[in-house]
Amino acid sequence: MNQQPGSQRAPKQQLNPAQRDAVRYVDGPLLVLAGAGSGKTSVITRKIQYLVRECEMPARQVTAVTFTNKAAREMRARARALLGDDAKGLQVSTFHQLGLKILQRELPLAGRKSGFSILDDQDSTAILKDLLLRDGDIASTLLDICRNQISHWKSHAVSPASLQGKADSVQEARIAEVYARYERALASYNAVDFDDLIAIPVRILAEHEEVLKRWQSRIRYLLVDEYQDTNVCQYMLVQQLVGERSGLCVVGDDDQSIYAWRGANPENLKQLAKDFKGLKVIKLEQNYRSTNRILQSANALIANNDHLFEKKLWSEKGQGDAIVVQQLPDEEAETEYIGDEILHRKIGSNLQFRDFAVLVRGNHQTRLLELKLQAKQIPYQVTGGTSFFARNEIKDVMAYLRVLANPDDDAAFLRIVNVPRRKIGVSTLEALGDYSKSRECSLYGAIGEMGLAQTLSEQAHKRLSSLDGWFQNLRRVVDNGEPMRALQEMLDDIDYRGWLVQNSSSTAVGERRYENVNFLLESIRNELQKQNQAAQGNTNSFEIDAESPLEAVLNKLMLRDMLEQQAEEEADNKVQVMTLHASKGLEFPHVFIIGFEEQLLPHRNSIEGDTIDEERRLAYVGITRAQQHLTLTMARTRKQFGDQQRCAPSRFLEELPVEALQRKGFGDKMDAASNEATGRATLDNLRALLE
DNA sequence: AATCCTGGAGTTTTT
DNA sequence: CTCCAGGATT
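Residue numbers (my numbering): 1165 to 1855.
Since the hints were made in silico from the structure, they are not lab data.
Backbone N, C-alpha and C fix where the C-beta goes; we use that ideal spot for every residue, glycine too.
Each hint should be verified, as a subset may be incorrect.
Heads up, simulated DSS-like pairs for lysine-lysine below, C-alpha to C-alpha not over 27 Å straight-line [unchecked claim]:
1) K1293 x K1277
2) K1587 x K1277
3) K1444 x K1377
4) K1475 x K1434
5) K1434 x K1447
6) K1720 x K1277
7) K1626 x K1587
8) K1265 x K1277
9) K1481 x K1738
10) K1587 x K1293
11) K1330 x K1293
12) K1481 x K1447
13) K1540 x K1803
14) K1559 x K1587
15) K1252 x K1720
Restraint-style ranges between C-beta atoms, simulated for each label pair [what the hints assert, rightly or not]:
16) G1482 x S1333: 56 to 64 Å
17) W1478 x T1775: 48 to 56 Å
18) G1612 x Q1541: 54 to 62 Å
19) N1469 x E1408: 32 to 40 Å
20) V1190 x Q1804: 47 to 55 Å
21) T1671 x Q1809: 33 to 41 Å
22) S1278 x Q1541: 43 to 51 Å
23) L1535 x E1733: 36 to 44 Å
24) M1614 x K1330: 38 to 46 Å
Could you build all of it, start to finish, from the sequences and the hints given here?
Here is the structure:
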């Protein structure tokens, strides 16, 4: 097993008193306020161990929920390391995986059929766009407003029906109407979106007492990580599952709330005390991760925000190195500097590539960095992001898989119907679309209908029918238990490789893109095998899933879990590159945060939208990832939209304590001054910290 | 009616 | 870079 940077630290043998209290308190609902680096994952995993070993609770009655796939994997691995065979049946998943599980078991109540599709953001946007287009409205701003508003309603468990006649404005009434149609569309496509994975289970549990009882009896103890990231709907799910009982432990830190933009409601931390009588609150304030200069800077920065709870982080790790603040002429020089620094430090000390992380605000910032790291032959790994799934070749193959598993998935059908070219163009699809709307069925479903032949030209109808026949054959192969053969046959039939080569700028590029497809196929093959083994070793009928193996794989793919895991297993010893958001929960000896500038961090949209506090928390999360060494870099100019623009250092820089910093490359007096200050400030800092 | 080509515009964060 | 629209071409 490869060690991940986040798990390099061996599980602590000794817990401090607060941690021990948190592990052992099981008599009622518990809130653990865990500052950055205070060992919260240890507390959660040790608590699971305590529940199973000391309280003799069967592992299958314990469920732990987190937000990201990465966090779930880490927690699962650490719980298994502690419990060994006793971990059997333990459920560790993301909120969305848990929701998916509930949805799958209660399919009829969800109004979906087996094989339903999970739509990603792009798919739902495309559907909304189509709905708006049919209204004759194409303003793209309305599309954005619509999507955000609908997502907001869904994450607050607001149904279209409950909005009837309650709109505050004409536009809101309009969006509510689109929302209703959107929901109907999803149902008819046998699809759900990401928000539905939480919203539908909540609705089912609210409306069906017996189902609620069943799930409550299945989960006797629920642990929730990163609680500040829950939205209203997710909190409702937690409340439903826990019910009147006391088996709940949530862990959170309001200073690390960085998902408000997608509906996270850190107030849920406060709400907990109102909803759960006798809630016990334990604070973890000792930081085991960072040196004091880093911690002091993080504390100073976050002091500029309001807090739900006050806490003071401290550490026994000593002063440590000064935080390097490096300004460079442009973004090119910035990445050059990062690459050189990594190489220098690696040679200068006993460091591995995996000891370094480069954190960025936006995914696009990784591009230049990747080029530079490649040029310097530094092995790196970009985690998270959408890069792989954003590739057209991957989207195509995924869409084929989805149509195979769920013919009614219009979003996927539209993507592949004419890729490669089948001479099925817009006018044919328009006619098919009109017909399907009138018969209230999916596009694919309309192909088989009798009346369609009259509305289409004979040629067009023939092309659609032959596509249908082809899919039916493939589906037979899948049902025969040979999904991999079906996939290979599918891609061979359409000569997807040839099509890629032809449609790429060069043969070499085309071949590279087909390599991506092969990687996807290989991953699917592995996962199918894994499932096969699991199914054979599984005698617990409670856990057997109704869905087919291919559907299970597809779901895992849509939740972005599977490939991440594979990449992680291969990321042996590489520099970690990721967004600040993706870095939460991880730690690295050496951390670089690049683009520490106004407009970028805080991001220009946040400056306009007046959500600086959340940006500050984002910077806080980034800073607190560093164990020993932190470097903030910024460019004086940066190419944006074609021309060079001047960039100012982030306002957050001024909020950091000067004596902890070592400024370089600013070309002003502060450079030398701060260096001097750093040298003589050590004693002062020690004195200040002791107070 | 389908496909190919060109130019223009816009980049936050994620399950 | 990558998505889109719209116009020219087959």
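We went through each hint and held it up to the structure:
Of the supplied pair hints, the one linking K1293 and K1277 holds, its CA atoms being roughly 25 Å apart against a limit of 27 Å. Distance restraint check for K1587 and K1277: the Cα-Cα separation of roughly 31 Å exceeds the 27 Å cut-off, and the hinted pair is therefore not satisfied. The suggested pairing of K1444 with K1377 holds, with an alpha-carbon distance near 25 Å, which does not exceed 27 Å. Of the pairs offered as hints, the one joining K1475 and K1434 holds, with about 15 Å between alpha carbons and a cut-off of 27 Å not exceeded.
Between K1434 and K1447 the alpha-carbon distance is near 14 Å, which keeps this suggested pair within the 27 Å criterion. Annotation: proposed proximity of K1720 to K1277 holds, straight-line Cα distance about 18 Å (limit 27 Å). For the hint pairing K1626 with K1587, the CA-to-CA distance comes to about 11 Å; that is within 27 Å, so the pair holds. Taking the CA atoms of K1265 and K1277, the gap is about 14 Å. The hint holds against a cut of 27 Å.
Simply put, K1481 and K1738 have alpha-carbon atoms about 26 Å apart, close enough for the 27 Å limit, and the pair holds. Between K1587 and K1293, the direct Cα distance comes to roughly 24 Å. Compliance with the 27 Å bound is thereby established for this hinted pair. Only pairs whose Cα atoms come within 27 Å are accepted, and K1330 paired with K1293 is accepted, the gap being roughly 24 Å. Among the hinted pairs, K1481 with K1447 is consistent with the structure: their alpha-carbon atoms are about 20 Å apart, no more than 27 Å.
A distance of roughly 22 Å separates the Cα atoms of K1540 and K1803; the hinted pair therefore holds under the 27 Å criterion. Between K1559 and K1587 the CA atoms are separated by roughly 20 Å; this keeps the pair inside 27 Å, and the hint holds. Of the supplied pair hints, the one linking K1252 and K1720 holds, its CA atoms being roughly 21 Å apart against a limit of 27 Å. Evaluation of the 56 to 64 Å hint for G1482 and S1333 yields a pass: the beta carbon distance comes to about 58 Å.
Remark: the range hint 48 to 56 Å for W1478 to T1775 is contradicted by a beta-carbon distance near 29 Å. For G1612 and Q1541, the Cβ-Cβ distance of about 56 Å falls inside the hinted range of 54 to 62 Å, so the restraint holds. The hinted window of 32 to 40 Å between N1469 and E1408 holds, with their beta carbons roughly 35 Å apart. For the pair V1190 and Q1804, the beta carbons lie near 54 Å from each other, so the given range of 47 to 55 Å is met.
In this structure, T1671 and Q1809 meet the distance hint of 33 to 41 Å, their C-beta atoms being roughly 38 Å apart. Under the hint 43 to 51 Å, the C-beta atoms of S1278 and Q1541, about 49 Å apart, fit the expected range. Here the CB-CB span from L1535 to E1733 is close to 25 Å, at odds with the stated 36 to 44 Å. A C-beta distance of roughly 42 Å is found between M1614 and K1330, which places it inside the suggested range of 38 to 46 Å.
Against the hints set out earlier in the document, violations occur for numbers 2, 17 and 23.
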